[in-house]
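Engineer: For this one, chain A is given, so just place chain B on it according to the hints.
In case you want the letters, here they are:
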Amino acid sequence: MDKNESDITRKAEEFLKVFRKGEEFTQELLKENERLRYRTVQFEDQVKALQRRSEGPEIENLKDTISHLEEEKTALINRYKAVEDENKDFAARYLEVEDENNNLANLYVASYQLHSTLDFTEVLTIVVEIIINLIGTDEFGIMLIDEMTNELSFVASEGIDSIKNKKIKIGDGIIGNVVKTGENYFEEDLEIFHPASDLHPIVCIPLKIKDYIIGVIAIFSLMEQKNKKLTKVDYELLSMLAGHAATAIFSSKLYSQSERKLSTIQGFIDLLSNKNK
Amino acid sequence: MAAYNLLIVEDSPTMRQLISFSLKRLKNVKIVEATNGVDALKKLSEEKFSLIIADINMPLMDGLKLLSIIRSDPIYNNIPVIIVTTEGAEADREKGIKLGANAYLSKPIQTTELLKVVTGLLKIEN
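In order, the protein sequence lines correspond to chains A and B. Going by the numbering used here, the first residue of the first sequence is number 1, and it counts up by one from there. Going by the numbering used here, the first residue of the second sequence is number 1001, and it counts up by one from there.
Okay, chain A solo, but in the shape it has when bound (with noise of 0.2 Å):
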């Protein structure tokens, strides 16, 4: 054999190698090709099974059990809305009681100081105290009633000494309308108060004793904390300050008269037994 027959042989070799090969190869791929066709027919059937299944009963429940679930959601989110809601008014309700609660001790530790005691300026004293802590104003005057000359007359009073000697016919004024009416006077608005004299109250009580007028009551400005403004336990205080106050002051006065009068019968008492000894 020559050179050139031996190459050619070693080419058909080689060729037959590569061919063998790609047969090979074409044989796996044609395996592969078969595996494939059956995963994809197992695949469909799954789908198929799913389908049936996604319209099957279990399904249905399923689907009832998560609307019911989100009905519930919504109550449970209404409800916990209305619980907040309520707790609100509790909590507006709580500031309201306890607010309340402040007002009836002033009004108890006011009601009780005035009913302390019997001596008619001491009582005077408690009501100024009153009117200065627990309403806070720094002008103000308490008159009585001078049964002789039918006039009022300041007989304590607070920051008014230009006014305080002053004396007030009953009718006279607002202060002398009170009396005569015996209805309470307000200011309706203290931001745009202006006086229309010095003896023109912000507010004026009547110390009454059931329907007997003894005496009034006259606020003339309120402290500067008060920002101008009465509140719901002011109206109250003065309100109780009317009645309570006008019995203290009633009451005191009737004592101090009824022991002068002990004084002086005891005082006669002392003489004649002194004579007749």
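I should point out that these hints are in silico values taken from the structure, not numbers from a laboratory. A virtual CB, placed ideally from N, CA and C, is assigned to each residue, including glycine. Any given hint might turn out to be false.
What the hints assert, rightly or not - To list a few chain B residues with every Cβ distance to chain A over 12 Å, as calculated:
1. ALA1002
2. VAL1029
3. VAL1038
4. ASP1039
5. LEU1041
6. LYS1043
7. SER1068
8. ARG1071
9. GLY1100
10. ALA1103
11. LEU1115
12. GLY1120
13. LEU1121
14. LEU1122
As the list claims (entries may be wrong) - Below, a list of computed lysine-lysine pairs in the BS3-like style, where the Cα atoms sit at most 25 Å apart:
15. LYS232(A) x LYS1116(B)
16. LYS229(A) x LYS1116(B)
17. LYS180(A) x LYS166(A)
Structural biologist: This is chain B only, laid out in the frame that chain A set:
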């Protein structure tokens, strides 16, 4: 035994009773009352106090004088002091704070505010 001993220094019996009445709503407190600064110093020498509430305008010794004595005495200078006055004036507030007052209340005293200040200074729950 009360955990907190509070001293109210006030010449007006109405105000003393009102403050005392409000403070009695707190748990574990004992309230002692003094009618002026001199009376307060006597009470301070007799027992230990957790807090003092003192009016400014009082006879014999006013609240500011009492405060300056308390703050210059090493035995009492740690006691919180609340100053109370009828005037809402800034000058009195500044004077009180300068002398070492821990808080300041203006008359008419609001119970809610009083309790808030007291519980805050004593670090107790209302």
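Engineer: Now tell me, hint by hint, if it's right for this structure.
Structural biologist: Structure-based check of each hint:
1. ALA1002: 20 Å, holds
2. VAL1029: Per Cβ check, VAL1029(B) is outside 12 Å of chain A; nearest 16 Å; holds.
3. VAL1038: 21 Å, holds
4. ASP1039: 18 Å, holds
5. LEU1041: 24 Å, holds
6. LYS1043: The claim stands: LYS1043(B) keeps its Cβ more than 12 Å from every Cβ of chain A (closest is about 22 Å).
7. SER1068: 25 Å, holds
8. ARG1071: 26 Å, holds
9. GLY1100: About 23 Å separates GLY1100(B) from the closest Cβ of chain A, which puts it past 12 Å; holds.
10. ALA1103: Fine: 15 Å to the nearest Cβ keeps ALA1103(B) off the interface.
11. LEU1115: At roughly 9 Å from the nearest Cβ of chain A, LEU1115(B) sits no farther out than 12 Å, so the non-interface label is violated.
12. GLY1120: The claim stands: GLY1120(B) keeps its Cβ more than 12 Å from every Cβ of chain A (closest is about 17 Å).
13. LEU1121: Fine: 20 Å to the nearest Cβ keeps LEU1121(B) off the interface.
14. LEU1122: 19 Å, holds
15. LYS232(A) x LYS1116(B): 21 Å, holds
16. LYS229(A) x LYS1116(B): 23 Å, holds
17. LYS180(A) x LYS166(A): It holds: about 18 Å lies between the C-alpha atoms, which stays within 25 Å.
Hint check: a violation occurs at hint 11 only; the rest are consistent with the structure.
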